[in-house]
Amino acid sequence: MFRLIFITLPLLFFNLVRLFLFVLCLFPGFIRFGWYYFIASDRVSLPYDSKSVRQRVDVYRCCRQQQEQQDNPDGSNSNVNMPVVEELPNNRSPVVIFCTGGAWMIGYKMWGALLARALTAAGMVVVIPDMRNYPLVDIPEMVDDIDLAIGWTKTNIAQYGGDPENIVVVGQSAGGHVACMAIFRNIQRKIAREIDVVATEGLGVFVPDDDERNTNISSRILEDDALNDAWSASDLKGFAAISSPMTLGSVITHSFRRHGLDDAMVERMFGFKKDEYDPCLTLHNFQSVDDKEKFLKDLPPISIYHGTKDKTVPYEASDAFYEELRRAMLDESSISFVSYVGWSHTDPILEAPMDGDHRLHRDLLNDVNKWTTSPCLIWPNDSKVNDRLC
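Residue numbers 8 to 397, in my numbering, belong to the letters of the sequence shown in order.
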C-alpha cells in the first residue's frame, strides 16, 4: 500500500501530465491526423471476432498516385504535382498487418493511421487490428486476438484488394511483442501436432511418457487449432518489429519499474507466464535441436527497427534479440537490424512522419518489395504524403 500511494500513483500522475503536454505540442498535427482517420481515408472497420467490441480491424484499401499529363498551351505541365488517387485495377496488392503499441494497456487501432496513410499511397493494403488491453485481459489473450486477426486477414482480405499470398506482419512496441508471440505460438502448435506431443499452455514443448503418447493433443492446442486453421507462420512473407520489447528482462528493469509498475502487476499482466512470452527466451525453450530446427524453418524473414535514444523500450532489447537470431539462424540474410540514430520510442511512427521524415515507411516499403512476389512498389511523389503535418 505504501508503494502504491507514495510511488506508483505519483509516477502515473506525472506521466499523465507529460502525455498531455506531448499531445498539446503536436496538436496541429493531430487535427490533420484525425481528419485523415475519420474523413479522408478509404477505411472500413470490420469485426474479426465477437467476444468484444475491441476485436475489430481497420482495413485501409490501397491507392496509387498518378500524375495527370495535361499540358498547358505553353507546353508546361500544370498538374505534375497534383496526384490522382484511384484503386489499383485487377492486381491484388501486398498486405501489411500493423499491430499498434500502447504498453499492453492503451493500444488502439487508430494509432497506426499515419503508417496506413503512407503505405496505402505506395500501393499496399494495410490492416490494423485492435485488441483487448490489460486489465480486461492478460497478454496471452492479446496474443489470441492478434492470432485471430491474422487468420481473418488471410481469409477475407481478397475482398478488399489485398493478396492473401503476400502478407507481411509489422508491430510497434507492445504490438510487435504480441505479434511476434502469435507467430512463435503458431509454429509451436505445428511442431506439437507433427511430433504428437502434449504442449503446455505457453510455448515450451515436452515429450510425454508412453502412457501420455496414447492420449490426444491437449485441449488447449485443439482450441487453438479451431482459432488458427486459417493461417500458418510459414505463409507469412515477413515480420518487422519496431521499438519492440523482445527481451522482457531489460524492459521490466528499465521501463516498468521506472514508471512505477511493480513486479506483481507485471506478473498479472503476463498471466503469470512472463518467461513463456519472452521472444528471446523462446528461442532457448526447446527440448531438442530437431524441434528448434523445425521452428526456425517456419520462421519468416525478420527485420528489427529501433531508435538509439529509446527510453521506453531500451535499444539493447532489440539488439539482444537480433544477436540471438543471428546465433540461431543458418541464413543470416533473412534477418536485419536497422538503427535510427537519435530517435526515441515514438519517433519512427509519430514525430518523424509528422515532420515529413518517412525513413521507417521507406524501409518497410523496401522490406515488402524484398519479401513479397508482388510487382515492385515505388514511394509516391505526393506532397500530401511527404510534407510535414505540423
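Worth flagging that the hints you see were computed from the coordinates, not collected in a lab.
Mixed in with the good hints there might be a few duds.
[To be verified] The following label-pair restraints were derived from C-beta to C-beta distances: (1) Ser390 <-> Lys299: 30 to 40 Å; (2) Ser346 <-> Lys377: 11 to 21 Å; (3) Glu148 <-> Val51: 18 to 28 Å; (4) Asn393 <-> Glu274: 27 to 37 Å; (5) Glu201 <-> Glu339: 18 to 28 Å; (6) Trp42 <-> Ala335: 30 to 40 Å; (7) Asp270 <-> Asp56: 27 to 37 Å.
[To be verified] Lysine-lysine pairs mimicking DSS-like chemistry, simulated, CA-CA at most 30 Å apart: (8) Lys316 <-> Lys281; (9) Lys281 <-> Lys318; (10) Lys316 <-> Lys299; (11) Lys318 <-> Lys304; (12) Lys280 <-> Lys391; (13) Lys377 <-> Lys391; (14) Lys281 <-> Lys58; (15) Lys197 <-> Lys304; (16) Lys299 <-> Lys197; (17) Lys316 <-> Lys197; (18) Lys318 <-> Lys301.
Owing to the predicted nature of the structure, the values given are computational and were not obtained by experimental measurement.
Quick reminder that beta carbons are idealized off the backbone N, C-alpha and C, glycines included.
Compare the structure with the hints numbered earlier in the document and write down the numbers of the violated ones, lowest to highest.
-> Of the numbered hints, 1, 4, 6, 10, 11, 12, 17 and 18 do not hold.
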